[in-house]
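*Asks:* Chain by chain, the residues:
Number of protein chains: 2
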Amino acid sequence: MTLRAEILAFGDELLHGALLDTNSKWLAGQLEAVGLTVERFTVTGDDPTLVRAVIAEACARADVVVATGGLGPTLDDRTRDVVAELLGGPLEFHAPSWERTRAWLSQRGRPVPESNRRQAMLPPGGTALDNPVGTAPGFRVRIGRATLFALPGVPREMQQMLRDHVLPFVAALPGLMPTAQSWLRVLGPSEAALGERIEPFMVPGRNPAVGITASGGLLTVRIVASAPSRADAESLCHATAADLRPLLGEWLFAEGTTELPEAVAARFALARRTLAFAESCTGGALADRLVAVPGVSAVFRGGLVAYHDDAKRQLLGVPALLLAAHGAVSEPVAAAMAAGARERFGADVAVATTGIAGPDGGSPQKPVGTVCFALARPGAVRAWTVRIADLGRAFVRDRAVFEVWRTLLQEPLDG
Amino acid sequence: MTLRAEILAFGDELLHGALLDTNSKWLAGQLEAVGLTVERFTVTGDDPTLVRAVIAEACARADVVVATGGLGPTLDDRTRDVVAELLGGPLEFHAPSWERTRAWLSQRGRPVPESNRRQAMLPPGGTALDNPVGTAPGFRVRIGRATLFALPGVPREMQQMLRDHVLPFVAALPGLMPTAQSWLRVLGPSEAALGERIEPFMVPGRNPAVGITASGGLLTVRIVASAPSRADAESLCHATAADLRPLLGEWLFAEGTTELPEAVAARFALARRTLAFAESCTGGALADRLVAVPGVSAVFRGGLVAYHDDAKRQLLGVPALLLAAHGAVSEPVAAAMAAGARERFGADVAVATTGIAGPDGGSPQKPVGTVCFALARPGAVRAWTVRIADLGRAFVRDRAVFEVWRTLLQEPLDG
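From first to last, the protein sequence lines are chains V and C. Residues in the first sequence are numbered from 1 upward in steps of one, following my numbering. Residues in the second sequence are numbered from 1 upward in steps of one, following my numbering.
For the record, the hints were derived by calculation from the structure and aren't laboratory data. Each residue gets a CB set at the ideal place from its N, CA and C atoms; glycine is no exception. Misleading hints may appear alongside valid ones.
[As the list claims (entries may be wrong)] Reference excerpt, derived from the structure (chain C facing chain V, CB under 10 Å, subset only):
1. E39
2. A193
3. E199
4. V293
5. A311
6. K312
7. P359
8. V386
9. A389
10. A394
[Unchecked claim] Here chain C is said to cover these stretches of chain V; the calculated rule only asks that three of the stretch's residues, wherever they fall, bring their Cβ under 8 Å from a Cβ of chain C:
11. 37-46
12. 187-197
13. 200-214
14. 223-237
15. 259-270
16. 293-299
17. 306-315
The following block holds chain V by itself, in its conformation from the complex (with noise of 0.2 Å):
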């Protein structure tokens, strides 16, 4: 027997365009890791009849429902009111949480507008939820064979409430069967390549299961076992991980959720070797993708964002003859902004990039796409150009960046 749990999120924010919704993703993992079985994620707006429609659908087929969203002070927020309706009696004001929420405002200093009264309402044999970073509470209502909890949608909000509240009723449920999950990172084959490699273990209903995801240009092999207890669901997945390994040889380049910037910082943390960039066209980004890993001071030297010729010239000491003679995009520049930036950081590696990213600035020789990248190490730059196809400025960046960590995790870090 498994546990079956549904994610909804509302708001017409969600449906038309406006967010994207990443709370449902990030529940899903938290309710499967104490081990219910996440089936669906529903979302829909603010609209009453398909809000209803939603939350007694998933009712009648889930055991757990978690709802975010549609709890805020304003009039389109509407979970509470709908889910009184479903359950055929009118909200009742809880003054416990009006309390909280006055004394929470007037705390920081803000007014208490009347329209925050609204969201101390519960519907019938609802129990509120405490939300202790915010002024919207939850609530935890029984419909039907089901339990929902409604959470607000912000975030911060949200995870704190599922932390404190959903987490400990679901893992005193009986019945639950927990699962682990363990992931192979892959670089190199195409997609069908890898499934081919792997195919023995992509068999339907296969315990643990084990499935591809392509993203930015990296595979993952997900395994994803089950089993009545967390320890004996984490040995299964661990002994698929092994025997895919050998199958993987040297495509694999990390396990877990590590990704890409944490798996060259690793590298370099542990050959105890430090690194630079300097930026034309990636803008910062390899900088900020670095910065986010933890504890990266020990491998990050910093990084210079040359966006303007002058600070190429000023800053990296790029030469304005190899400027004026090769333009801005190209190797001997790229080789050049490696080799300043290695030195005045003082790094052992530096690698540079500058290219067009468009959506102007680009000529027949030089199409929007071109970027020249150039890495500097003890003694030897090495500089090579790549034609990333011109589909939006934010894709050539993403590829540009995917490049350098490509290379990072590739090249040699002796001698």
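Chain C: place on chain V using the hints.
*Replies:* Then chain C, alone, in the frame of chain V:
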């Protein structure tokens, strides 16, 4: 009468927390612009029973259903099989699609795995949809009174195929009700305070509908109008926007889909001022977001990611004594960083950030979340400190970035 649409996304990687579904949001914007009313998104995994249920239910409710994912070459991709089952017939081999896939792979010098042959199978009555940028063709098929479009999950391929095959088909349907949107971007009030100010506009059933979205410290007032023609819908939007502007007053900082970095770039371009950054804890994020704005080279001179104290000293000229006396995270050091960046990049305005993003490095005097900022302009440098709540490294960095955009939008740029 309106034509109703639903959007489906399939893939274990979406359901089990490995990958965020960004396709549905994008699709919703495209489908609504041509006049469909999008009512729901549903995400489920690769389990064929769930995929079948989700497709059957959506096709029973909606006129147009667009599904992404589950069309890959590997065994966990099941959309084709499930649709054939729903229609009660076997999959049919579509030779032209197979030839196209073979040609596509061969032209790129890639092997042609036999497993790609699966992608050339069509459900009964289905029409193949060419994929000009990948190997997975899609298909269009009638299920009951609904038209189902099945597209690959790779965003670039999906987007191209929507433009080529879906939008022209949908635009020819009778009974469309085009919509238009206007967004007013607001900086300053709480959501409740903004809601009270514009409450008369937030009535259920109003056309245009007016709603509030909160995201990353910003509020957006969304206006969505529908009318028999796109032009009428736009007029309705514009009229409501004109009514709202005086109510918003100084809170209104931009219109449309303008994000903060775009608004900053536009403000500096208008004032003919240039900008540079010296980033420590934000680590290139300011430069990265600003460089994402097309045409920013007129405004942005460059930035230095001075992650290591050596870089603060040698590249920005921060005196070693200042670092020793006050520590790297201090207002005097922030001020020296800003002044150094302004001078070295030859910019009119420079902003510096230095702070403790965590998880390590905090102290009782300077806990994690302490961030010092400085802004240098001709003849003046001002520094200030913000204590950001310690809700994780990414949160601290995001809030620090927000503080800089807020400052650059509100700081006087004259004199």
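*Asks:* Confirm or reject each hint.
*Replies:* Hint-by-hint comparison with the structure:
1. The closest approach between the C-beta of E39(C) and any C-beta of chain V is roughly 6 Å, which is under the 10 Å cut-off, so the hint is satisfied.
2. With a cut of 10 Å, the hint placing A193(C) at the interface with chain V holds, because the nearest CB-to-CB distance is about 6 Å.
3. Taken as an interface hint, E199(C) checks out: its beta carbon lies about 7 Å from the nearest beta carbon of chain V, inside 10 Å.
4. The beta carbon of V293(C) comes within 9 Å of a beta carbon in chain V, closer than 10 Å, and the hint placing it at the interface holds.
5. Interface hint at A311(C): satisfied, since its Cβ lies 4 Å from the closest Cβ of chain V, which is below the 10 Å cut-off.
6. Given the 10 Å rule on beta carbons, the hint for K312(C) holds: about 9 Å separates it from the nearest Cβ of chain V.
7. Annotation: P359(C) was flagged as interfacial toward chain V, and the flag holds, the nearest CB pair being 6 Å apart, inside 10 Å.
8. Because the smallest distance between the Cβ of V386(C) and any Cβ of chain V comes to about 15 Å, over 10 Å, the interface hint for this residue is violated.
9. For A389(C), the interface hint holds, since its Cβ comes within 10 Å of a Cβ in chain V; the closest pair sits about 8 Å apart.
10. Checking A394(C) against chain V by beta carbon gives a least distance of about 7 Å; that is within 10 Å, so the hint holds.
11. Against chain C, the stretch 37-46 of chain V contributes 9 residues with a C-beta closer than 8 Å to a partner C-beta. That satisfies the three-residue criterion, and the hint holds.
12. With 6 residues having a beta carbon nearer than 8 Å to a beta carbon of chain C, the stretch 187-197 of chain V meets the requirement of three or more and the stated coverage holds.
13. Only when three residues or more bring their CB closer than 8 Å to a CB of chain C does the claim for the stretch 200-214 of chain V stand; here the count is 8, and the claim holds.
14. For the stretch 223-237 of chain V, the stated coverage by chain C is not satisfied: 1 residues place a CB nearer than 8 Å to a CB of that chain, which falls below the threshold of 3.
15. Using a Cβ-Cβ cut-off of 8 Å, 0 residues of the stretch 259-270 of chain V lie near chain C, which falls short of the minimum of three, so the contact claim is violated.
16. Counting residues of the stretch 293-299 of chain V whose beta carbon lies closer than 8 Å to any beta carbon of chain C gives 4, which reaches the threshold of three, so the coverage claim holds.
17. Given as covered by chain C, the stretch 306-315 of chain V passes the check, having 7 residues with a CB less than 8 Å from a CB of that chain where 3 are the minimum.
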